[in-house]
Amino acid sequence: MSAPDGRAVVRVEHLHKRFGLLEVLRGIDMEVDQGEVVVIFGRSGSGKSTLLRCINFLEDPTEGTIEVAGIRLEGGHRTRQKRERIRRLRMHAGMVFQQFNLFPHMTTLQNVMEGPITVKGAKADQVRPMAQELLVKVGLAEKADVYPIRLSGGQQQRVAIARALAMEPDVMLFDEPTSALDPELIGEVLNVMKALATDMHMTMMVVTHEMGFAREVANRMCFFHEGVILEQGTPDQLFNHTQQPETRKFLEAVL
Amino acid sequence: MTVKEQSGVTQAAVGGRGRDRPPPGATSALLAAWLLMTEGAMLLVFLPVLIFTTQADIPPGDIATFGASGLACMIAGGLLYSRSQWAWLVALAASIGTAAWLISDKGLTSWTEAYVASFIAVVVTILVLLGRRVVGNPEALALASARIPFRVKVSLVWAAIFVIIGLFLSLSELEGGWMRDNLRFIATGLIFTILLAVCAITLAVVLALVGALGRLSRNPVAYGLSGFYTSFFRGTPLIVQLFLIYFALPQIGSNLDRLSITNVLSLSAFWAGVIGIGLNYGAYMTEIFRAGIQSVGHGQAEAADALAMNYPQRMRRVVLPQATRVIIPPTGNEFIAMMKDTALVSFLGLELSQAELFRRASVAGNQDLNRLESFIMAAGMYWALTAIFTLFQAKLERRMSRGYVRLEPAENSKRPKMLTTAGGQPGVVPLPATVEPGPEAGHDHGSAS
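Chain order of the listed sequences is A and B.
Going letter by letter, the first sequence gives residues 113 to 367 in this note's numbering.
Going letter by letter, the second sequence gives residues 147 to 595 in this note's numbering.
Excised from the complex, chain B in its bound form (with noise of 0.2 angstroms):
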């Protein structure tokens, strides 16, 4: 009804056929709409790239056919929303006549032209194919735009951007043969990468489980101890921190002229920054582990008291296990960090053999003057770990909230409904279903009173 309404005040064209189903040829022209657009952004965006950097080499008029192809572009893909029929004629004028120019002035000089204009030549046709339909119907696009998932929309403007990036990236003459030749030995750095982050969160790990208690102790000693720690490793840079660990060190040794202690403090670059982030991140991990601690309900630990546990057993059985599900989620973020801030280990000139991933990159690059593509290659194998890391943590963390969801977890698997307080608290209502109907328990025995 409420279609019939709408299409009563504004086009026809949708008010006959389903409720909203869009009509033929909406899907088709939405997408042209959006690649043209998307097409034109481009061109404009490298417009400056090209005046500012091969202003020598290509002539003031290519140039300007570049500009007027992205301006003509976007106006075309605007132009497909607009409610007006001509509005598509005119955008179809716009592209042909871009694709036109294009070809026609002095033919094409360069691929990246002969691709712009085969671009426009497809999306052209889609239009006359397709968009005749739909034409000045912006009801009918967003009928369509409505039934594409917002997932998919997102991977779209993914897509778009990983284009636009590798197409500047080509555009600024990109060695790729050199990357494939240095891929191997860049990537080699990956696994000391790896293995630096996994031994730093391991300690980093097991001192903010430590400073944690510390935090939480009423002994004067460990309270004041953790205090110190956590003030001093928060409280100076982690570079640093490093610096002292792996250059300073070493130096009491040869005051003292003992060479004993010398030889203790020199430690290799790859253990001086597994120490030295372990260090750092475990003092800020303290805090996240006495909160994730605390957040376990007082009852907890008067249940756990009231069955007679000591105080390891209390932690152990009854409060850390369920601390961990709220220490997992901000451990994986700061191993993410962590695992970003091993590239500061690099500057401890470690050993080539055993290099992490940026020294390995930087080595590469400066040899050959190549730094755009080796850092490129850093960045992105770094960013790669981060993003398997998060679908891990994800993973994770979904295990975790076993005993605090309450459907099952095939049920439930997109997103577990976290509580906030403990299971167990009054504030849940339980679910109809799963209440009992009578005091049954009492049939068994009661009827001996």
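Here chain A stands alone, though its shape is the one from the complex (with noise of 0.2 angstroms):
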């Protein structure tokens, strides 16, 4: 298991989120070290899904600082030069989707592409190589040329992994990545996910119900309750050294 290095990648503070009147996010500290892979769990709205949103900032925080790759950025309402500041922090920061959102009129090699072309303004011919490189990672080397709805959940998973990874970003944020797969294909995605912590040493934020995944590649387990994290520590210190009686509760009904 890789040891966290100690610079903070990404750098949550004082995080309100309020849809209206409902505070989905009340009060969020938060450090993630380069190399660091943090589980985020808890009932559903609870918030978790939330920060992550709002740390690339698909969601606007209502009050906060997000610092992502030393890009540091107030809540509140956008600007124009604050739109394009959110650009900049977005391309440190790797999304993956519940839903995979792929996108259905490129081949998964376009889609993978895709990013590094259209924003970083790369030629095709320089990113092809690294995308199919990032492809045979996943194992869907032979899938290239394959449209995203002839692919399985999983595989449209991992294919939306190398997209993310294709950015080259510093953090890797994964929301409920298992979520809307079947079973048997949720393991596959898990160890895509692992070789990523255990080989590249990728910097993730994942937010999931996989406590087998945790116990085994988080360095650092975080507990959502009403918009806090309750209670957080190593997969030993919540598994089996639990403190709070929610988090007891929770990991009761889910183990």
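Honestly, the hints are just simulated from the structure, not real lab data.
We treat Cβ as the ideally placed atom computed from N, Cα and C, and that holds for glycine.
Each hint should be verified, as a subset may be incorrect.
[Said to hold, decoys possible] Stretch-level coverage of chain A by chain B, calculated; a stretch enters the list once three of its residues show a Cβ under 8 angstroms from a Cβ in chain B:
#, region
1, 199-206
2, 211-218
3, 226-240
4, 273-281
Each of the two chains sits in its own frame; use the hints to bring them together as a complex.
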């Protein structure tokens, strides 16, 4: 298991998110170090997905500060200048969605090459070897010229991971990456994620209910409850020395 | 088994043979029945025309003959479907009788009657030669009918319709010679009709795209402008807009006593038509484009955002290519409608040297008082134009479905299955054939842990 080396890639300070009257996040403070794998879990509606979406500004934080790879942004309204900075922040944060959200009009390889070509202005010929290598890494080299509709859910999610990696992000955000998958397809996606952590020492924030994965891969686990981090610690601490009764109740339910 | 059981109830003729093969002659008898009934319907349809139009020239006896033969054909054709063996004899007798009457009654007075008589004679021959074996056996006819593909039957109906219309037109003494002489003159108008439609649809597509982006914008100016545009151009008649642009705008110059303004605003009828039709259709198509853009799943925009795309990149690379698939079919319909609406430009007094189809047809028709011929030609040409484009559109639609069809295009070329949601959504159940057996991705890297 890779040890975090102490440099914070993601820093969340005093984060609040309100949807109208509903306050989903109620003051989150969090740091994720280089190479660290943080698993975020909790009941639905506890704010774990919202945290991830606030980190790359798919949702605008109501209050608080987000810092990714040294780019610091305050919450609140968007301005023209801020929009440009959000874009720069997003280049450092790869996102993997529950519903994969592959581009259906592009082949697998085109999906992976899309980010570097369109956003970074790279030439297709220069990106192609890197994209093909990524497809090899997620085990889909032979599906390069296939459209997403012809892939299984697990294959689509692995392509989505490769697509995010192609932007060479500093942190990968996984928003329930296996929740939409049939049980027999979950393993292949988790294996790719495991390899990301162990071989590439990728910094990862993973919202998931896959406790086996958490136990094996996570450096830290955060239990979200009603918009706050109720309890956090190493997998050993959370699984074997649970402090909070809410955490224990949840773990008993999912294990 | 079931066939035998059935045939036991009805007729033994079917039972002994193969499961669903009709006895020989059944198909011919069926065709004969159809032809007879079509013929009868044709004669009966033309009966009133004959009575009201050529009353003076044709003696009542002939009209009665005409009507009687129509009825006889209908009855004869219908009787072929009947169960009784005698029906066949009655049908035969009716047909022969009609033909005989037509021939005997003062001979054949016109080529039309000769045609009818010979036609019936042919049918009678078929009946005599082939029909006997299936006489009184409706089962056999039903079996024969089931073997003829639906498409073939529909084609036969179309052919019958064209024959009837053709006969009707020839009866109304359409001047084929005049049509041939003026074909080139009227068809030249097609060039300008197509040119007009292509220019106008280009303008309309651009306006619709801008309008739709405006309708979806959070910018109040963009939203307000596109709202005004769609409201005005959808709220006023196209012909009024065309007159406004062509006749009314130049008046601004003369009111202000500025010749330069008049010159700028005096458009040729062609360009006034392009601008007027383009603006009008652009307003309608704004809604089509807006709906198309909104049909692209929200997750697609989020995925583009997460890759750090900006708004133009997101639109150009992700949203619009997918929206296009939704937009193309209704846009094709709009284009077809637009090609027909270009006829309105003929009211703008186009120079004959660049007049469109309808104007040329009017000019030619009015000049020689051959309006039936000229407008039938115009209608036929518009129809052909839209029919051709409809084919083209179907091809294009099939091409656009790439990436949304699970099977290889070759296996699925007839009817591409379009998924209602954008591809890659969770509702899509993977085909067993494409499912990977195991987590093979982990083998390369997982061993390190």
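Each hint, compared with the structure:
1. 199-206: Held - the region 199-206 of chain A has 6 residues with a Cβ nearer than 8 angstroms to chain B, which meets the minimum of three.
2. 211-218: holds (count 8)
3. 226-240: holds (count 4)
4. 273-281: holds (count 3)
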